[in-house]
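Let's have the full structure, built from the sequences with the hints guiding it.
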Amino acid sequence: MAKKSNGTGVYEVVWPRGERRQALRPLAKRLDTLEGKTIAQLWDYLFFGDEVFSQLEESLRAQYPDVKFVSWREFGSTHAVNEKELLASLPQRFKELGVDAAISSMAC
Amino acid sequence: MGQAAATSVGLGMPNMPVAMIPGHPGAQSLEELRANVRNVTAQQVMENLLRQPEEPVLGAEPEARDIVFSGTFEEVNAHFYGREWSDGLPIVPPTLEKIEEFLSYTDRPPDECLGVLLPESRAATIWATAVNGVMAGCRPEYMPILVALIEAMVDPTYGVEHSGNTPGSETLIVLNGPIIKDLKFNYTQGVMRDGFMPNTSVGRFWRLALRNMAGFLLHKNDKGTFGNTFRVVLAENEDAIAKMGWVPNSVDMGFKAGDNTVTISRMTGGGVMPSVTGSTPEQMMPYLADGVAKQNGWETAFTVGALTIGTLRPVLVLSPILAETMARCGWSKDDVKRYLFEHARTPASRIETMMEKWVDFRIGSLERQVNLGRLPKVFHESNDPNRMVPIVVDPDDFVILVSGDPLRTNAYAFAQNGYLGFPTAKKIQLPKDWRERIQKT
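Those sequence lines, one after another, are chains E and U. Numbering of the first sequence is given in this note's numbering, commencing with residue 1 and proceeding in unit increments. Numbering of the second sequence is given in this note's numbering, commencing with residue 1 and proceeding in unit increments.
Derived by calculation from the structure, the hints in this document are not laboratory data. None of these values were measured; they are calculated from a predicted model. Even for Gly, the Cβ is constructed at its ideal location relative to N, Cα and C. It cannot be assumed that every hint is accurate.
To be verified - What follows is a list of derived Cβ distance ranges for each label pair: (1) E:P65 with U:V359: 35 to 41 Å; (2) U:E63 with E:E74: 33 to 39 Å; (3) E:D66 with U:P395: 52 to 58 Å; (4) U:V359 with E:D66: 35 to 41 Å; (5) U:D360 with E:K84: 22 to 28 Å; (6) E:N82 with U:G23: 46 to 52 Å; (7) E:T33 with U:P56: 22 to 28 Å.
Set out below in C-alpha cells:
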C-alpha cells in the first residue's frame with residue numbers, strides 16, 4: 001500500500017500518462033473540385049475494400065466525369081508486414097503519380 | 001468511427017475527416033454494400049475531399065510530477081476510474097514517495113524516454129513506467145522487469161500499435177533467468193493463474209501501461225470485440241529445463257542461459273490438452289500436434305500470405321514431466337518443433353476455404369502462393385485438396401516452453417497473432433546493488 005502523502009490519510013498523486021510527443025499536423029488543403037483531379041486509393045486488403053472503391057469510383061465519376069484514380073493495386077496492402085516502409089514511401093509515390101488527394105480504407 | 005477519431009488525435013490530426021459505411025461490410029450482400037457506399041459513403045467522401053476541416057486545439061496536460069489530485073484512497077480511485085486511468089480494480093495511489101521507491105531499483109534517469117508509443121504517440125518514460133507499476137500493485141523491486149517490458153513494448157518488431165485490434169488478443173509475458181527465484185515468481189503449479197503477487201501484478205502492469213502509456217481505451221481505440229483480461233506472467237521452470245539438458249526460452253530468443261529476460265507475444269487464444277499419455281515422444285506427440293493445429297485456425301492467415309507470410313509463432317507449453325519424458329528419450333526442443341512442423345497440419349482445402357470465403361483474407365490458393373515463391377513447396381506437393389499442410393513455414397516458428405505443475409501430464413497450446421504482436425525479447429538490466437538489496441527483502 002502506498003504511503004499516505006501527508007500523514008492525514010490523503011494521497012497526493014500524479015497522473016499516469018506520458019508526455020504527448022506528436023504535435024498537431026495541419027491537414028492538406030482540400031480541393032476546390034474533383035474535376036480533372038487524381039485520387040489515390042489506399043487499401044489494407046480487408047472488408048471488401050475492392051468493392052467499396054469500385055463503387056466509390058462509379059459514384060464520384062457520376063458527379064465529376066473527369067476525375068482520375070490511382071488504384072490500390074498500385075500500392076499494395078497498407079496493413080502488411082512492410083506497412084511502415086510502404087507508408088513512408090507514399091509522399092514520393094504520390095509526387096511521381098501526380099496524386100492530388102487520397103482515400104484510405106478500410107477501418108473497422 | 002470512434003477508433004478513427006481517437007487514433008487521429010495521436011497522429012496529430014484530430015480533425016482528419018472520416019467517411020462511414022453503415023453497418024459492417026462483412027455482414028452485407030454485395031448489393032447492400034454497393035447501395036450503402038453509393039447512398040452514404042460516397043457523399044461523405046466527396047465532402048471530405050472538398051471541405052476544409054476546422055483547425056483543432058489540443059488541451060493542456062499535466063507535467064509528469066504535477067500533483068493532479070489529493071484525496072483519500074477511495075477518492076483517488078474514483079478520480080482515476082473516472083478519467084479512464086484505471087482498469088476498474090482499485091489502484092495503489094501513485095504518490096511521489098512511492099514512485100521514488102520504484103525508481104531506486106533502476107540506474108536509469110526517470111525522464112529517459114524509451115520510445116514513443118502509438119496510438120497516442122506518448123513518451124514511454126522510466127517515470128511513467130514506475131507510476132503504472134505502483135498503480136498495478138507491483139513491489140518496487142519488480143521495476144527492472146517493468147522497464148524491460150516497456151523496452152519490448154516500444155520495439156517496432158512487436159507492433160504495439162496493433163494492440164487494439166478486433167480479435168482482442170492478449171499479450172503473454174514469459175520470464176526467464178534467476179530473477180524468477182529472486183522475486184519469488186510462481187513457475188510451477190497454476191503458473192498462469194492469479195494468486196502470486198509478482199506474476200499477477202506484473203501482468204496487470206502490462207495492461208495498465210497499454211492503457212495509460214500507449215493509450216488503448218475500450219470504446220475508443222481498443223476495439224477488441226470481446227477482449228480478454230490480462231495474462232499473469234508465465235515464468236519458465238529453469239530447474240527442470242537445466243536438469244533435462246534443454247535450453248530456456250531466453251536462449252531461443254538469442255540470449256545466454258542464465259540471463260534475465262522478458263519475452264512478449266500476443267496470443268489470440270489458447271487451450272489445454274489434459275492427460276497426455278505415453279512413455280515416449282512418439283506416443284505423446286500425436287495428441288499435442290493435433291491440439292496445436294486445432295488451436296491455430298484463422299491465424300494461419302499470418303503464415304500463408306493472407307495477412308503476411310510466415311509470421312505466425314504458435315506456442316506449446318509442456319509441463320516438466322512431459323518435457324522430461326521426451327528428453328529422456330533423447331528428444332530436444334528442435335525435435336519437438338520438427339515433429340510439430342510435420343504433424344501439426346491442416347487440410348489445404350480448409351485453409352483455402354477459410355481465407356477465400358470465411359474470413360475474406362484472399363490468397364487465391366496455396367498453389368498460387370507457392371508458384372509466386374511466397375510459400376515453400378511443402379504447401380503444394382500435390383493437387384489433392386485434402387493434402388495436409390503445415391501451419392507455419394519453418395519448424396523453428398514454433399515456440400516451446402516448459403512450466404506448470406511438474407507432475408501433471410498436461411500441455412497448453414496458444415494461438416498467436418503473427419506480426420500484430422510478434423515475439424520480442426529484452427534483457428532485464430538490474431541496478432548495481434541488486435544482489436545486496438534483494439537479499440534484504
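Hints, verified against the model:
1. Taken as a hint, the range 35 to 41 Å holds for the pair E:P65 and U:V359, whose Cβ atoms sit roughly 37 Å apart.
2. U:E63 and E:E74 have their C-beta atoms about 46 Å apart, which leaves the hinted 33 to 39 Å range violated.
3. About 56 Å separates the C-beta atoms of E:D66 and U:P395, a value consistent with the hinted range of 52 to 58 Å.
4. A hinted range of 35 to 41 Å for the beta carbons of U:V359 and E:D66 is consistent with their spacing of about 38 Å.
5. The given range of 22 to 28 Å is respected by U:D360 and E:K84, whose C-beta atoms sit roughly 24 Å from each other.
6. Checking the proposed 46 to 52 Å range against E:N82 and U:G23 shows it is violated: the Cβ atoms sit about 31 Å from each other.
7. For E:T33 and U:P56, the Cβ-Cβ distance of about 26 Å falls inside the hinted range of 22 to 28 Å, so the restraint holds.
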